[in-house]
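Asks: What follows is each chain in one-letter form.
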Amino acid sequence: MKILAADDDALSLRVLQRSLEKWGHEVVTATDGNLAWKALLEDLDIGVMIVDVNMPGVDGLELCRLAREAFGERVIYIIVLTARRGAESMLQGFAAGADDFLTKPFRPDELRARVEVGFRVIGLQRMLADRMMEHEAAERRYRELVNSLDVIVWEAEINPWRHRFMSEQAAKLLGGSVTRFIDSDVWLSHVLPADRAIVDEYRRLLEAGAPMAGCDYHLMAEGGRVLTVRDQARQVFDAKGPRRVRGVTIDVTERRRAREQFEAAVKMQADFVNFASHQLRTPLTGIKWMLELAMGEDDGSADMRGFVKDSLDASERLIVLVNDLLSVSRLEGGKMIGTPVRCDMAQLMRDVIADLQTVVRKSGHELTATGLDVEHAVMGDAQMLRQVLQNLVSNSIKYTPAGGRIHAEVSNDGAEVRCAVTDTGIGVPEAARGRLFEKFFRAENVSKVETEGTGLGLYIVRLIVERAHGRIWFEPAESGGSRFLIALPLATTPEAAPASPVEV
Amino acid sequence: MSTPRILLAEDDRFLRKAAETMLKRGGFTVTAAADGEEALRLARENPPDLMLLDLIMPKMQGFDVLAALKGAPETSAIPVIVLSNLGQDSDVQLARERGAHDYIIKSNIALEMLVERVRTFFAERAA
Numbered sequence: 001m002k003i004l005a006a007d008d009d010a011l012s013l014r015v016l017q018r019s020l021e022k023w024g025h026e027v028v029t030a031t032d033g034n035l036a037w038k039a040l041l042e043d044l045d046i047g048v049m050i051v052d053v054n055m056p057g058v059d060g061l062e063l064c065r066l067a068r069e070a071f072g073e074r075v076i077y078i079i080v081l082t083a084r085r086g087a088e089s090m091l092q093g094f095a096a097g098a099d100d101f102l103t104k105p106f107r108p109d110e111l112r113a114r115v116e117v118g119f120r121v122i123g124l125q126r127m128l129a130d131r132m133m134e135h136e137a138a139e140r141r142y143r144e145l146v147n148s149l150d151v152i153v154w155e156a157e158i159n160p161w162r163h164r165f166m167s168e169q170a171a172k173l174l175g176g177s178v179t180r181f182i183d184s185d186v187w188l189s190h191v192l193p194a195d196r197a198i199v200d201e202y203r204r205l206l207e208a209g210a211p212m213a214g215c216d217y218h219l220m221a222e223g224g225r226v227l228t229v230r231d232q233a234r235q236v237f238d239a240k241g242p243r244r245v246r247g248v249t250i251d252v253t254e255r256r257r258a259r260e261q262f263e264a265a266v267k268m269q270a271d272f273v274n275f276a277s278h279q280l281r282t283p284l285t286g287i288k289w290m291l292e293l294a295m296g297e298d299d300g301s302a303d304m305r306g307f308v309k310d311s312l313d314a315s316e317r318l319i320v321l322v323n324d325l326l327s328v329s330r331l332e333g334g335k336m337i338g339t340p341v342r343c344d345m346a347q348l349m350r351d352v353i354a355d356l357q358t359v360v361r362k363s364g365h366e367l368t369a370t371g372l373d374v375e376h377a378v379m380g381d382a383q384m385l386r387q388v389l390q391n392l393v394s395n396s397i398k399y400t401p402a403g404g405r406i407h408a409e410v411s412n413d414g415a416e417v418r419c420a421v422t423d424t425g426i427g428v429p430e431a432a433r434g435r436l437f438e439k440f441f442r443a444e445n446v447s448k449v450e451t452e453g454t455g456l457g458l459y460i461v462r463l464i465v466e467r468a469h470g471r472i473w474f475e476p477a478e479s480g481g482s483r484f485l486i487a488l489p490l491a492t493t494p495e496a497a498p499a500s501p502v503e504v
Numbered sequence: 001m002s003t004p005r006i007l008l009a010e011d012d013r014f015l016r017k018a019a020e021t022m023l024k025r026g027g028f029t030v031t032a033a034a035d036g037e038e039a040l041r042l043a044r045e046n047p048p049d050l051m052l053l054d055l056i057m058p059k060m061q062g063f064d065v066l067a068a069l070k071g072a073p074e075t076s077a078i079p080v081i082v083l084s085n086l087g088q089d090s091d092v093q094l095a096r097e098r099g100a101h102d103y104i105i106k107s108n109i110a111l112e113m114l115v116e117r118v119r120t121f122f123a124e125r126a127a
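So the sequence lines, in the order shown, correspond to chains A and B. In terms of my numbering, the first sequence opens at residue 1 and continues consecutively. In terms of my numbering, the second sequence opens at residue 1 and continues consecutively.
Treat the hints with care, since some could be wrong.
[What the hints assert, rightly or not] Okay, the calculated bits of chain B under chain A, using three or more residues with CB under 8 Å as the criterion:
hint, segment
1, 5 to 16
2, 19 to 26
3, 98 to 112
If you are wondering where the hints come from, they were derived from the structure by calculation, not from laboratory data. Every residue, glycine too, gets a C-beta built ideally from N, C-alpha and C.
One chain only, chain A, in its complex shape (with noise of 0.2 Å):
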């Protein structure tokens, strides 16, 4: 930053030039006001002038004058020299707009402190502009920001509301220009009459005091169009000004409509899975119970009756097939079938292994199970839990050699109840442990022992396991054989008995 010296008095000027130079300053002179004006115009480095009050042409104060009117933004600091003493000349000085004063002759270390604190204001000065520029420009960037969101950024004043700031979103959306939402409350009036009950509600939360607000509704822009929109709001904690709350505005139109078309796709899926499988499954029936009829007659040879046996098998290995397809569509649709009762594991367990009964006597399979005496309660669907069940200890019947053993055990921790089915089976191939749970999975020596299987048993029970919460996992078996795993969350609440399961 260099200093501009000006004065007519050549000997004084070059004292001061010399004075200058030697604490380290770059001085420019000029002889005249004329002079002075012009290096002040030309080097825009001038940061502090030393001007003398009396020159010929243009004056010091004259000058003073001058730069104070040109050069609004740029910052220079005046010292005015003069001959005379007294107030009334000081006074004029800075009237014409000098910072300081300085009276002929002075003391050289008089000028070097008072130009030191010169430079001191013009730092301080300049750095105080490039951070005002510099908060504009942050400003500035902030509100291209806001104004560039797909959503609409707003500030109101509550009691009585009015908006203080509203971002161009909302007049992009609503229509018209965003300055008409300012210092009123225009956006009520875009409010579908049948919503308002829910903005009023929304505007007492915030009026009362919530930190933090929310609410759906619909606003009716410009030419009819109706929005959706979601608004939520927070209050602004600002000890200045009348209390006011900052809010965003989202348009939530097009992601409402995309998720009710996709919940309607969902449902006409479940209806027509529901009514396919109805369709399939009666013709199915037909064939099933025309062929019992068939097994029942006397007549027909032993190679008929073989024929219509596997018919039979056939028929009702179809019908299974069918029913899984169904239970994978229902759960996979995530369709909540009942709201989850109190059942005891213990009890369904129970219930499962007595139906297995007539099946295991043929088989010669040894079935065991502990821990079925007490009550090991969760949520679930029954039915559900129950087909969890049946899946797992026949899947042990169904793998593991005649007079093999198959252990099934439910116990509790205070926390999860698990139900564990072991076997002296074929067990699992380690590859395939991973894969167990997965739709249409089936391990290679599991293909071996039968073809019919559909690969969705286990699929299923994993979908019902996890949607009470629960988790499903296989161990080998120090056997060589399988140990399934489930494990639920305990149920807390105790209630009364659960109402009878239906026959599904």
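For chain A, the structure is supplied; the task is to place chain B on it using the hints.
Replies: Showing chain B alone in chain A's frame:
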């Protein structure tokens, strides 16, 4: 006691024939109806000891037959077991709300078991 009379409402002719045959073999007297209207008419004319009622039928749905039966004093006492391939909980619940005694999914039950269930029903009723 004379043989129990069963009214079987089933529109699918294969299912109707199979069920009718098996129930007759089981010692019951069976009257069959092929649609909802016929089922309701037969039930009114000659109230059976038990009605086996399909849900999806032409002319009149089983749910409506059930409501009509339960809504009239002369037929409201007829016990009804729904015999359907609709298996959603909502169907089962609606049938029960409308007064069905039991709900059987046809594809999941052997014909022999169906007769067994009917027999159990009469045994429990007699007890």
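Asks: Check each numbered hint against the structure and report the violated ones by number, ascending.
Replies: none
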